[in-house]
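Peer 1: Now for the letters of each chain:
There are 2 protein chains.
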Amino acid sequence: MKVAAIGVGLTKFGEHWENSFSQLFVDAGAMALKDAGIDGKDIEAIFVGNMSGGRFVDQEHISSLIADNCGLTPIPSTRIEAACASGGLALRQGVMAIESGFHDIVVAGGVEKMTDILTERTTQTLATAANQEWEAFLGMTFPGLYAMIARRHMHEFGTTREQLAMVSVKNHENAMNNPYAQYHVKITAEEVMNSTIVADPLRLLDCSPITDGAACIILASEKKAKEFTDSPIYITGSGQASSSISLHDRERIAVTDATVNASREAYRRADKTPGDIGVAEVHDAFTIGEILAIEGLGFCDIGKGGITTENGETKIGGRIPVNTSGGLKAKGHPVGATGVAQAAEIIFQLRGEAGKRQVDADVGLTHNIGGSGGTAVVHILEK
Amino acid sequence: MKVAAIGVGLTKFGEHWENSFSQLFVDAGAMALKDAGIDGKDIEAIFVGNMSGGRFVDQEHISSLIADNCGLTPIPSTRIEAACASGGLALRQGVMAIESGFHDIVVAGGVEKMTDILTERTTQTLATAANQEWEAFLGMTFPGLYAMIARRHMHEFGTTREQLAMVSVKNHENAMNNPYAQYHVKITAEEVMNSTIVADPLRLLDCSPITDGAACIILASEKKAKEFTDSPIYITGSGQASSSISLHDRERIAVTDATVNASREAYRRADKTPGDIGVAEVHDAFTIGEILAIEGLGFCDIGKGGITTENGETKIGGRIPVNTSGGLKAKGHPVGATGVAQAAEIIFQLRGEAGKRQVDADVGLTHNIGGSGGTAVVHILEK
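Chains as they are written, first to last, in the numbering used here: chain A, 205 to 587; chain B, 205 to 587.
Treat the hints with care, as some may be off.
Since the list gives no way to pick one copy over another, a pair counts as held whenever it fits inside one copy or between any two copies.
As the list claims (entries may be wrong) - In silico DSBU-like cross-links for lysine-lysine, where the CA-CA straight-line distance does not exceed 30 Å:
1) LYS390 with LYS430
2) LYS206 with LYS427
3) LYS245 with LYS476
4) LYS245 with LYS390
5) LYS560 with LYS390
6) LYS430 with LYS587
7) LYS206 with LYS245
8) LYS427 with LYS508
9) LYS390 with LYS216
10) LYS519 with LYS428
11) LYS560 with LYS216
12) LYS216 with LYS245
13) LYS427 with LYS519
No lab work stands behind these hints: they were computed from the structure.
Could you put together the complete structure from these sequences and hints?
Peer 2: So this is what it looks like as structure tokens:
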């Protein structure tokens, strides 16, 4: 069975001081319903990705809260969590719910409200995506983990500090044309390389920000989709893989095996190869993350992500445009929402609704990572 | 497609000071694999129910940790959360994963380690299953919410304090014969009614305890199941419903609408009626919870749960034996594991492996609640 995306909604990403956690989801959901041209009563189930309602807003059981505040009780509502990959997994569970025949129309969404607590608690909470006993309790943070990966990548493959910066420069440039993005600020490679050091070699402008936001996709069975739209976007491939949650337990550090394994499954299901992909949203929580992603997804050879970026191949207009939305770096990274927002961008692109950041593509891909690579989930979308 | 349970594993429920959070899951998983007669390499995905790793053990992203510690990477591993209904939803996602054709053999498990933090933080964490803004921040706790439900039930239907006590007495008696139960202590109705008051009218012996534990079920497609066992137990019905997370927002307080709605779906899918059920595990987080459950599930009329209990109809040997395992009250309630452990008990019963607590039944039911009734999930299992 084919599963179609028939509606998309998202909030502006940024600091939402006037909006509650659940209101963000309601706003994104309302936009998605309107976009799909359906009513709340058509929705049969909710799957919501969220990393840490329990720590960011002291609220677990958000599935019930969200169904309630959306006015959608008594339909089933389920929260999915895999750190920063929570949104991508919610999308996958939504696809499964339809393919299983349990439901015909569901919402797959994601939400995170990260600014309601003190910054040091935010950092601690993000660190719960790493192994607490072996990493976080010993003082390791996510910039620290990704800095070690970056250093190893530079050592093994000759990736340069400038190439890392170019990821950030490109994504900030793309975000200039995305009204949902947190930042509309052009930056230069020099600015990245001279920004405050966070964890050597990563600097402030290598790191995605703290963000509030939500995103929703309405998924429907092929049959139902045709009742509501003439131009559904199909989700033809879904792949998910796990890896050691701890960096030190992996066989290799400078390659994200979970990405390799998840994308292999997604390509197989969609009967596609990396060369078929015309646009991709990948998990650039840190600049090195995008380089790891384009390598793991097969857009270039392992070790060639830096030079591929430097050559402009991942720019809009390049061979394989990556993170046209601005990516996690410049669009923002409300962790539980990110995987769904990535799919939203691909849907905008495939529908030709991406405005000044529009690329020419019939097939798109999303790539969402949990932790330092303990979870990866990849989706392939097609016109 | 029919989905079969081919293996069951669980830890003893109780206080596990020597075991880590993930080790509990590994132990339950290893027992389930052995029971199924399969190897770890046969497992294609993990679905794990967990309420609050983030707060109980400072660890989110537990799906990756568990896949890693089970030695099952790189297979997909996904955490599901809906407070105390997390385990039941993990089971449902496992069923969907197989019915969708994504997987043939998966583990649906649940785990919670609740004793590693101070008791007051445990209470605060459990309260994150209620509406934080409207309930928990104002001082409301779960015993308080269920006490109000109990008071309303007594007011509307004449349910007595003694009838509440009889739930606890029965479940402690059942637990005497369950080696996995936290308590092996017979109690009397007088002891329940004279125990320390927690939230009037509920007393200490009306409340389920704080528990560490894990449970796992191996699920397989019908075709695969037949390769491994001649006596699979089929999951023929699954129903899930949401309701307002806040008690004050519900149309009625003394009836759990989510239970009514979830069971209706489960009965419909399994083509069964309440009268077909021969044994049930229901969500007795508080004694009033079991009375609400047997009414909402249709085992007796609304308002008659107290007298049904008093008449002994829910005892082993009665018309519809309920909580033969000892229930949440006496078996223990490691919140994320409970929904899976309920299914484990029904599988033991349907296989005829329940020892001295064995009943004669061909069809069983599990009923798992999140919060004060914001989520309900019901499964029907058959020989």
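Peer 1: Against this structure, judge whether each hint is valid.
Peer 2: Do the hints match the structure? See the list:
In this homomeric assembly, LYS390 and LYS430 never come within 30 Å of each other (Cα to Cα): the closest approach is 41 Å inside a single copy and 61 Å across copies. In this assembly of identical chains, LYS206 and LYS427 lie within 30 Å of each other by CA distance both inside one copy and across copies; the values are 9 Å within and 24 Å between. In the homo-oligomer, the alpha carbons of LYS245 and LYS476 lie at most 30 Å apart only across protomers (27 Å), although the nearest pairing inside one protomer, at 36 Å, exceeds that limit. Proximity of LYS245 and LYS390 under a CA criterion of 30 Å is satisfied in neither setting, with 43 Å inside one chain copy and 49 Å between copies.
Taking the shortest alpha-carbon separations for LYS560 and LYS390, only the intra-copy value of 15 Å comes in at or below 30 Å, while the best inter-copy value is 72 Å. In this assembly of identical chains, the alpha carbons of LYS430 and LYS587 lie at most 30 Å apart only when taken from the same copy (13 Å versus 40 Å across copies). In this assembly of identical chains, LYS206 and LYS245 lie within 30 Å of each other by CA distance both inside one copy and across copies; the values are 23 Å within and 29 Å between. For a Cα distance limit of 30 Å, the shortest separation of LYS427 from LYS508 qualifies neither inside one copy, at 42 Å, nor across copies, at 45 Å.
Taking the shortest alpha-carbon separations for LYS390 and LYS216, only the intra-copy value of 18 Å comes in at or below 30 Å, while the best inter-copy value is 58 Å. For the homomeric pair LYS519 and LYS428, neither the shortest alpha-carbon distance inside one copy (36 Å) nor that between copies (47 Å) is at most 30 Å. For the homomeric pair LYS560 and LYS216, the shortest alpha-carbon distance inside one copy (17 Å) is at most 30 Å, but the shortest distance between copies (60 Å) is not. In this assembly of identical chains, the alpha carbons of LYS216 and LYS245 lie at most 30 Å apart only when taken from the same copy (26 Å versus 44 Å across copies).
For the identical chains of this complex, LYS427 and LYS519 are neighbours neither inside a copy (36 Å) nor across copies (48 Å), given an alpha-carbon limit of 30 Å.
Hints 1, 4, 8, 10 and 13 from the earlier list are contradicted by this structure; the remaining hints agree with it.
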